[in-house]
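Protein chains in written order, with our numbering: chain A, 147 to 259; chain B, 3 to 114.
A few of these clues could be false.
Footprint (simulated), chain A over chain B, 3 or more residues, beta carbon under 8 Å [stated by the list, open to error]:
| hint | stretch |
| --- | --- |
| 1 | 13 to 23 |
| 2 | 41 to 50 |
Below, in silico cross-link-like pairs of lysine-lysine (BS3-like), each with a Cα-Cα straight-line distance of 27 Å or less [what the hints assert, rightly or not]:
| hint | chain 1 | residue 1 | chain 2 | residue 2 |
| --- | --- | --- | --- | --- |
| 3 | B | Lys71 | B | Lys51 |
| 4 | B | Lys71 | A | Lys247 |
| 5 | A | Lys247 | B | Lys113 |
| 6 | A | Lys247 | B | Lys51 |
Distance windows between CB atoms, simulated [claimed, not checked]:
| hint | chain 1 | residue 1 | chain 2 | residue 2 | range |
| --- | --- | --- | --- | --- | --- |
| 7 | B | Gly18 | A | Pro207 | 39 to 47 Å |
| 8 | A | Gly197 | B | Lys113 | 28 to 36 Å |
| 9 | B | Thr7 | A | Ala201 | 40 to 48 Å |
| 10 | B | Ser14 | A | Gly197 | 30 to 38 Å |
| 11 | A | Asn156 | B | Arg109 | 21 to 29 Å |
| 12 | A | Leu259 | B | Lys70 | 42 to 50 Å |
| 13 | B | Ala3 | A | Arg227 | 39 to 47 Å |
| 14 | A | Arg230 | B | Gly18 | 41 to 49 Å |
| 15 | A | Thr159 | B | Lys70 | 43 to 51 Å |
| 16 | A | Thr159 | B | Ser54 | 39 to 47 Å |
| 17 | B | Thr57 | A | Gly199 | 28 to 36 Å |
| 18 | B | His84 | A | Gly199 | 38 to 46 Å |
| 19 | B | Val31 | A | Gln187 | 39 to 47 Å |
Don't read these hints as lab results, they were simulated from the structure.
Don't be surprised by glycine CBs; every beta carbon is placed ideally from N, CA and C.
Each chain is listed here by its residues.
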Amino acid sequence: GAGVSQTPSNKVTEKGKYVELRCDPISGHTALYWYRQSLGQGPEFLIYFQGTGAADDSGLPNDRFFAVRPEGSVSTLKIQRTERGDSAVYLCASSFRASEKLFFGSGTQLSVL
Amino acid sequence: AQSVTQLGSHVSVSEGALVLLRCNYSSSVPPYLFWYVQYPNQGLQLLLKYTSAATLVKGINGFEAEFKKSETSFHLTKPSAHMSDAAEYFCAVSGRNNDMRFGAGTRLTVKP
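Please put together the full structure from these sequences, using the hints given.
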């Protein structure tokens, strides 16, 4: 596709459930980033991939959060035992190389009831 | 890790007035600095980027930013505000690990 694609666009789940959020970056982009954005806040860095490896996962809030990018393209953010505080918009972005212009997806609005 | 601080969560200007949005950074290595804009109900878009080639960076829609190492600042300016500039503006920094960290954002309101 022409842009960064995130699915689903909306996800409603119950407290304690497991969720997966998918990001399909622009073809050829080696760097992929996950952010979380709450209303009225800036994007909060979660994790950054260079190729298949997580170059920096220091933003993941706790061990309930995990992300993979097994083939260096599509990435999945996984959240176990969801909590109401996890509710936010989860943004994915990719760039051709690290520290270059980020192209953002439209985000996944996660609501934990 | 590197970080940015945006001074002022809300800025309001009159149409035609100067826009000044403030950003200060912290980085242990020469940083790459960015300004992104988020219009209502849209995704983030790059306005401009500093990569050490020139301290004054020009971006889209008449915006520019000046890198001042002595002040660790990268403030965003536009000489004359338009109504269409109303949006949320985010400063971002990329450092040693190439991770990109964003500020909390500044909401710009433009009054007619």
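Against the structure, the hints:
Under the rule that three or more residues need a Cβ within less than 8 Å of chain A, the assignment of the stretch 13 to 23 of chain B is violated, with 0 such residues. For the stretch 41 to 50 of chain B, the stated coverage by chain A is satisfied: 4 residues place a CB nearer than 8 Å to a CB of that chain, which reaches the threshold of 3. A hinted pair counts as satisfied when its Cα atoms are at most 27 Å apart, and B/Lys71 with B/Lys51 qualifies at roughly 15 Å. Taking the CA atoms of B/Lys71 and A/Lys247, the gap is about 22 Å. The hint holds against a cut of 27 Å.
Restraint check for A/Lys247 and B/Lys113: not satisfied, since their Cα atoms lie roughly 31 Å apart, outside the 27 Å limit. A distance of roughly 8 Å separates the Cα atoms of A/Lys247 and B/Lys51; the hinted pair therefore holds under the 27 Å criterion. B/Gly18 and A/Pro207 have their C-beta atoms about 44 Å apart, which keeps the hinted 39 to 47 Å range intact. Look at A/Gly197 against B/Lys113: about 47 Å separates their beta carbons, and that is not inside 28 to 36 Å.
At about 24 Å, the beta-carbon gap between B/Thr7 and A/Ala201 misses the expected band of 40 to 48 Å. The hint said 30 to 38 Å for the Cβ distance between B/Ser14 and A/Gly197, and at roughly 44 Å that hint is violated. In this structure the supplied range 21 to 29 Å holds for A/Asn156 paired with B/Arg109, their Cβ-Cβ distance being about 24 Å. The hinted window of 42 to 50 Å between A/Leu259 and B/Lys70 holds, with their beta carbons roughly 47 Å apart.
Evaluation of the 39 to 47 Å hint for B/Ala3 and A/Arg227 yields a failure: the beta carbon distance comes to about 27 Å. Taking 41 to 49 Å as the suggested C-beta distance range, the pair A/Arg230 and B/Gly18 conforms, at roughly 45 Å. Separated by about 46 Å at the C-beta atoms, A/Thr159 and B/Lys70 satisfy the suggested range of 43 to 51 Å. In this structure, A/Thr159 and B/Ser54 meet the distance hint of 39 to 47 Å, their C-beta atoms being roughly 44 Å apart.
At about 34 Å, the CB distance of B/Thr57 to A/Gly199 agrees with the hint of 28 to 36 Å. The hinted window of 38 to 46 Å between B/His84 and A/Gly199 holds, with their beta carbons roughly 43 Å apart. A beta carbon spacing of about 26 Å between B/Val31 and A/Gln187 contradicts the range 39 to 47 Å that was offered as a hint.
Comparing the model with each numbered hint stated earlier shows that hints 1, 5, 8, 9, 10, 13 and 19 do not hold.
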